[in-house]
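S.K.: Heads up: the protein sequence lines correspond to chains L, X, R and Y, in order. Taking this note's numbering, the leading residue of the first sequence gets 73, the next gets one more, and so forth. Taking this note's numbering, the leading residue of the second sequence gets 73, the next gets one more, and so forth. Taking this note's numbering, the leading residue of the third sequence gets 73, the next gets one more, and so forth. Taking this note's numbering, the leading residue of the fourth sequence gets 73, the next gets one more, and so forth.
Bear in mind the hints are in silico, worked out from the structure with no lab data behind them. Think of the CB as a built atom: it goes at the ideal place given N, C-alpha and C, for glycine as much as any other residue. Don't take every hint at face value.
Unchecked claim - In silico BS3-like cross-links for lysine-lysine, where the CA-CA straight-line distance does not exceed 30 Å: (1) R/K242 - X/K425; (2) R/K164 - R/K425; (3) X/K395 - Y/K179; (4) X/K242 - X/K164; (5) X/K79 - R/K425; (6) X/K448 - R/K395; (7) Y/K160 - Y/K211; (8) Y/K448 - R/K179; (9) Y/K79 - Y/K89; (10) L/K425 - Y/K395; (11) R/K211 - R/K242; (12) X/K425 - R/K179; (13) L/K160 - L/K448; (14) Y/K211 - Y/K242; (15) R/K179 - L/K395; (16) L/K448 - Y/K448; (17) X/K164 - X/K395; (18) L/K79 - Y/K425; (19) R/K193 - X/K425; (20) L/K89 - L/K206; (21) X/K395 - X/K242; (22) R/K425 - R/K79; (23) L/K425 - Y/K425; (24) L/K193 - R/K395; (25) X/K211 - X/K242.
As the list claims (entries may be wrong) - Computed far set for chain X versus chain R, every beta-carbon distance over 10 Å: (26) K89; (27) T115; (28) E394; (29) A397.
There are 4 protein chains.
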Amino acid sequence: MTAEETKRVWAALDGFKIEVPSWGFANTGTRFGKFLQPAAASTIAQKFADAAEVNRLTGAAPTVALHVLWDLPGGLADVPAIQALEAKHGVKAGSINPNLFQDQIYKFGSIANPSAEIRAKAVQHCVDSVEIGKALGSKDVSMWVSDGSNYPGTQSMRRRIEWLQDSLNKTHAALGPGQRMLVEYKPFEPTFYHTDIADWGMARELARTAGPQAKVLVDTGHHALGTNIEQIVTWLLHLDALGGFHFNDRKFADDDLTLGSIDPYQVFRIFHEFISSPASSKGDVAFMIDQSHNMKGKLEAMVQTVVTAQELYAKAALVDQEKLAELQDRCELVAAEEAFRGAFWTDVRPVVKEWREARGLSVDPLGDLHAGEYLKTITAERAASNAGGGSSYA
Amino acid sequence: MTAEETKRVWAALDGFKIEVPSWGFANTGTRFGKFLQPAAASTIAQKFADAAEVNRLTGAAPTVALHVLWDLPGGLADVPAIQALEAKHGVKAGSINPNLFQDQIYKFGSIANPSAEIRAKAVQHCVDSVEIGKALGSKDVSMWVSDGSNYPGTQSMRRRIEWLQDSLNKTHAALGPGQRMLVEYKPFEPTFYHTDIADWGMARELARTAGPQAKVLVDTGHHALGTNIEQIVTWLLHLDALGGFHFNDRKFADDDLTLGSIDPYQVFRIFHEFISSPASSKGDVAFMIDQSHNMKGKLEAMVQTVVTAQELYAKAALVDQEKLAELQDRCELVAAEEAFRGAFWTDVRPVVKEWREARGLSVDPLGDLHAGEYLKTITAERAASNAGGGSSYA
Amino acid sequence: MTAEETKRVWAALDGFKIEVPSWGFANTGTRFGKFLQPAAASTIAQKFADAAEVNRLTGAAPTVALHVLWDLPGGLADVPAIQALEAKHGVKAGSINPNLFQDQIYKFGSIANPSAEIRAKAVQHCVDSVEIGKALGSKDVSMWVSDGSNYPGTQSMRRRIEWLQDSLNKTHAALGPGQRMLVEYKPFEPTFYHTDIADWGMARELARTAGPQAKVLVDTGHHALGTNIEQIVTWLLHLDALGGFHFNDRKFADDDLTLGSIDPYQVFRIFHEFISSPASSKGDVAFMIDQSHNMKGKLEAMVQTVVTAQELYAKAALVDQEKLAELQDRCELVAAEEAFRGAFWTDVRPVVKEWREARGLSVDPLGDLHAGEYLKTITAERAASNAGGGSSYA
Amino acid sequence: MTAEETKRVWAALDGFKIEVPSWGFANTGTRFGKFLQPAAASTIAQKFADAAEVNRLTGAAPTVALHVLWDLPGGLADVPAIQALEAKHGVKAGSINPNLFQDQIYKFGSIANPSAEIRAKAVQHCVDSVEIGKALGSKDVSMWVSDGSNYPGTQSMRRRIEWLQDSLNKTHAALGPGQRMLVEYKPFEPTFYHTDIADWGMARELARTAGPQAKVLVDTGHHALGTNIEQIVTWLLHLDALGGFHFNDRKFADDDLTLGSIDPYQVFRIFHEFISSPASSKGDVAFMIDQSHNMKGKLEAMVQTVVTAQELYAKAALVDQEKLAELQDRCELVAAEEAFRGAFWTDVRPVVKEWREARGLSVDPLGDLHAGEYLKTITAERAASNAGGGSSYA
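Chain L with its partners taken away, still in its complex shape:
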């Protein structure tokens, strides 16, 4: 690695931050049941503590995404408690996530429900989330709208577009000056015929109608198989419409596996599109982890994920943009591919380790997690409360 390359990688690592989700430290599962972990977090205090440990080890995870229903059940009244946790642990509240899927009234939809009354309640929850964001000084409200239907003919997709627009417009109207509303899309699950915001095109149109502070949120697991996700990223950057990412990996559907576990080359390509875009320098794209690593140890998986993200980002930073552009212009396919993929082939673990050392961070975050006291302590402390299980399937 040349000195220039090393410098580029270090600069990339210095600028790389990724948000961890509070729910990534809690027990999760599938509809067939949850496998419980002794060290899983139950309270928001535990989640902040865990997030702080991830940040301590990696230096790249200074914020934690909050889920209103689970982390601030008291709404605005819970903000001081969160602020106390921020002060105590040195990590900040990140994006605010309303919950539009769990209340029994949302059976046939939340902000796109045919009932005006239910829509109003759902919008109120979104506006409350915006207010929480304001109070916490948090920039982004992440709108995952799980609305949809299971059977052809049972709902009017056409009229629901209008309800959806109206609801999102109202939420946007509540935003403060520095806030953003990120509109997420997903092709299916938990509904299986139509999902009201099913792809980036729909999210983009809704964001455009809602207003200038609305952007699109790309969850890497929310695409049909085969979709060229990096191309969507490039389009959204081109349109100045990319708000952020929910990172995870998958082999089939929204599997919510850890980043880079199934197709690391794709993550590299996504990072490359970001880095090579002029938009990347503006600092307007939020990187967030959204996984449901229900088999791997929660903290272990989170540290592993941040480390993998750093390494894949470092690989992407290695691409010689200028040389690549020339080869692309001349349509020298094999040479361009070798230049591009050569960066992916490069083993960046040594240079990332040097950077960690220089920055006073753990040089072996996973090893130190296992060797340290924190994981042992919480495993012992929390084991009792982690029992039970149960299945949503029947």
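Let chain L serve as the given structure and place chains X, R and Y on it in line with the hints.
M.R.: Same frame as chain L, but now just chains X, R and Y:
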């Protein structure tokens, strides 16, 4: 419709039976939560009562599949209670379904777990299920093995094949003379990198090794998108290896929607392959419903499903096999397709209604369900116990 | 069927027109070779004659889509010849299709090629196509841009967006007052890593930038498996951005099979979204067939397709919109589905036959095609010129 | 890298051989047309010369797969010419590939055609291919049977199984003692409703019925999206039924892109399953390239492919099998994954280069190809004959 065609349809309807699952009357959901229904069944007594109502209305659902963990938590000791319900309601226990996914010890697998101890426990549960089947005079034990792994490299797919074979061989060895072991396959969920029994080829090999009473169980939702399911059915019939079906429909993954709700032409084609095979006359293929219609009313969805199945089966019975074979042999594509699809275009609802009337059944099962007392009564009775909800996601 | 329903179906059939493609009468194949047909058309005169026969039999196919490279190799100079064919056969030239994929200079792209010189040539071809459209009084120029790349890193997706926009803007600028530019999208093939216009979101953005006469063209075979195509249709109608359809069916990829052959229920749902939209009355959505039925007889397949389209459209017209909307609003899922699917179950062949008779059309188009002289004559006349074959694979 | 690891990699590279296909040096394309290359090979002499150049540069490609129709149009009579080329160029004829898709009589199938006469002709071609294999001392006959149908109902999938079995049995009967028949499978293309040999389960059953010298051929591009290919490989190895691979990569369908260009981690996993199986030491699994890199330069792409295959194989050889098995047994998921994926992260290019040097091979095969005389010479010599083009689409 000619008299000959009417006769064919009536004969088909007389022979058509489809099993309902006990869990199809209970509340189910997705990992994001359950939407509870006032009339959902909680106890096995309620499930038998509901199944009897479906059979009363349709005349085609004389058996109910049982799930050992949920319906016979006491194991063999619960058999007399089941028999009392059979006697009371006039529907019989159908296939027996062990549960290999819910116990916390199954986190890394059940009968394919690397731990010999856990495998032994799982096999014991299977053998217990076989014994329950014997005691109830039930023919089939349906083996859905959800084992697998989430991340490349974390388990040895190769060694797990051997453990799987060993476990299934032991289960087969416990079968009584009239019993069968049906081996189900599924490409993914609840594991997302590899599933130990992922396709019909694997299920077929395992059944072959296990012994002559082992057959393959085809769940119509357990295939990659695009898969020609009717071709797999034809192959299994050709190999005398088809044990039965778990019917449901889907648009994306294992959506567990009601049969015929997304792609009714495919159901017609599957029925056609069955009817046109010499194997169909042997009565060895079990038709079972396996859905998780968590939005539709439980009883409503089940009655609708049986009626749709009857109608699609009647359409398939309308195909003129002899004429079709001739056109196929001459490669007269358009004529063959018109002959085939013409049966699907035919509105069989009138002839099915006539058949219902002649057999003394409800001529409008869905209408009579709504007009009758049963649904009203259970809705009132059960409402109190159906509260709560909750999500497996976080 | 009530008198009101019959009236609705007749009105729907009176308004239903679908364009046939000139290339649908010619020999086509796969990369593995062409299977030649004795009656296939080679010349534009033959294609017009065939199209006229389809229209004579069905009364629903008054226009024929033209492919500039194959049908007007002389460009504008060929317009009088086309006009003579229109006059002779009583069918009109329909949409104009430039060819951006066959010339050797398009190896690395046409209007998105890194070479400014090649882009200029491709744009000139598009502008020429616009001029042909003007001269023929044809409304739509259909832009299928097959540009893309096969390997990650070999082309800059980001910069190609700008080239694409520039080229489409220039083409739009050439449009006359009554003309439209329809932008088609496709996820893959003939390129296999990225396609520059890969989904409706990209097509929509490009059309928006190009100008008010640019709309999106939906080819039903150009989506990832599982995509809810009818929802995209609804969105485009909502945005007043739907220009037209290329109809065909498929099981896997862009299989180009005949409409309704694989999933007729989906075609019904697409027609339903169209009919139930206020936009449908404006007459601005072009229905076009785009198939490559290389196994079925060319004329046979085309007549069969138009008839199937008429029947599925009649089924969609049967849906009671008002009743359905009420049931949807009340979230009565099963009742709504039955109302919706009931229209699909209805055998409309008799009522369509009555309509044909009343309109003085053939009551059995396929039967009359086979019984008539036309097919026999062309089969004899053209057989000699249809020989050869060959594969693009190696 | 430890000395032990280096030794392991060198041993792996010494044992690694991969066959190149003669058609990989010729112009190919899609149904939309061929983009012609000046250096493409047209004659079998040119293909042998190109294959020899690949082998000279990489030391890993000593055999060339032959396609009977294109390379030995004279059948057995062409064998001496092939032998002369073997002698001249120092590369041997590899697998023999019959052609069952190009002749006009195969429109509705070859060895599964309803016509007994056409089946007999197709079987004769297979038997001729076996005889060619005997004469050339070639081990494998690769049976890619493209038979299938495009529309439901138009062919009897059931009866075609029997015809298929009969044809394959007859071909197997013609095999000499050292020969094998490899049965390939593919889900779709060139037929789009059903393919007679659609998945590994069908290929496996047909091979079993045919006899002990029949094995399954896995083309990595012939699976539904999401399929866990390495698991199928493991199953086939377990069953002693894996005959060989056709390697290529893809993003969507059977894209035939160069190996490792889309998902290199998957190739690594496939190699890992092979290496970790006891069956790998028997030398019975043929590695073959089957790509249609119609954009990349033919020779360039082939050299690049062999080099990439060597590097990914070296990575797989780096996995510490013993340690991995222990971690898997203890279900230490993250540790197991890190051990596994760590081998993939390792940059093996330096160690492969050392090995090349030690073996007297080019240390930079792609660079030397470009720097050398061979490519320049053939580009000049062949340019004249590479003109034309044409599309199969219309």
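S.K.: All the hints need checking, so say for each whether the structure fits it.
M.R.: Do the hints match the structure? See the list:
no.: 1; hint: R/K242 - X/K425; in the structure: 62 Å, violated
no.: 2; hint: R/K164 - R/K425; in the structure: 26 Å, holds
no.: 3; hint: X/K395 - Y/K179; in the structure: 22 Å, holds
no.: 4; hint: X/K242 - X/K164; in the structure: 27 Å, holds
no.: 5; hint: X/K79 - R/K425; in the structure: 27 Å, holds
no.: 6; hint: X/K448 - R/K395; in the structure: 24 Å, holds
no.: 7; hint: Y/K160 - Y/K211; in the structure: 21 Å, holds
no.: 8; hint: Y/K448 - R/K179; in the structure: 21 Å, holds
no.: 9; hint: Y/K79 - Y/K89; in the structure: 18 Å, holds
no.: 10; hint: L/K425 - Y/K395; in the structure: 24 Å, holds
no.: 11; hint: R/K211 - R/K242; in the structure: 18 Å, holds
no.: 12; hint: X/K425 - R/K179; in the structure: 61 Å, violated
no.: 13; hint: L/K160 - L/K448; in the structure: 21 Å, holds
no.: 14; hint: Y/K211 - Y/K242; in the structure: 18 Å, holds
no.: 15; hint: R/K179 - L/K395; in the structure: 22 Å, holds
no.: 16; hint: L/K448 - Y/K448; in the structure: 65 Å, violated
no.: 17; hint: X/K164 - X/K395; in the structure: 39 Å, violated
no.: 18; hint: L/K79 - Y/K425; in the structure: 27 Å, holds
no.: 19; hint: R/K193 - X/K425; in the structure: 65 Å, violated
no.: 20; hint: L/K89 - L/K206; in the structure: 22 Å, holds
no.: 21; hint: X/K395 - X/K242; in the structure: 47 Å, violated
no.: 22; hint: R/K425 - R/K79; in the structure: 14 Å, holds
no.: 23; hint: L/K425 - Y/K425; in the structure: 26 Å, holds
no.: 24; hint: L/K193 - R/K395; in the structure: 27 Å, holds
no.: 25; hint: X/K211 - X/K242; in the structure: 18 Å, holds
no.: 26; hint: K89; in the structure: 23 Å, holds
no.: 27; hint: T115; in the structure: 24 Å, holds
no.: 28; hint: E394; in the structure: 21 Å, holds
no.: 29; hint: A397; in the structure: 19 Å, holds
Hints 1, 12, 16, 17, 19 and 21, counting from the list given before, are not met by this structure.
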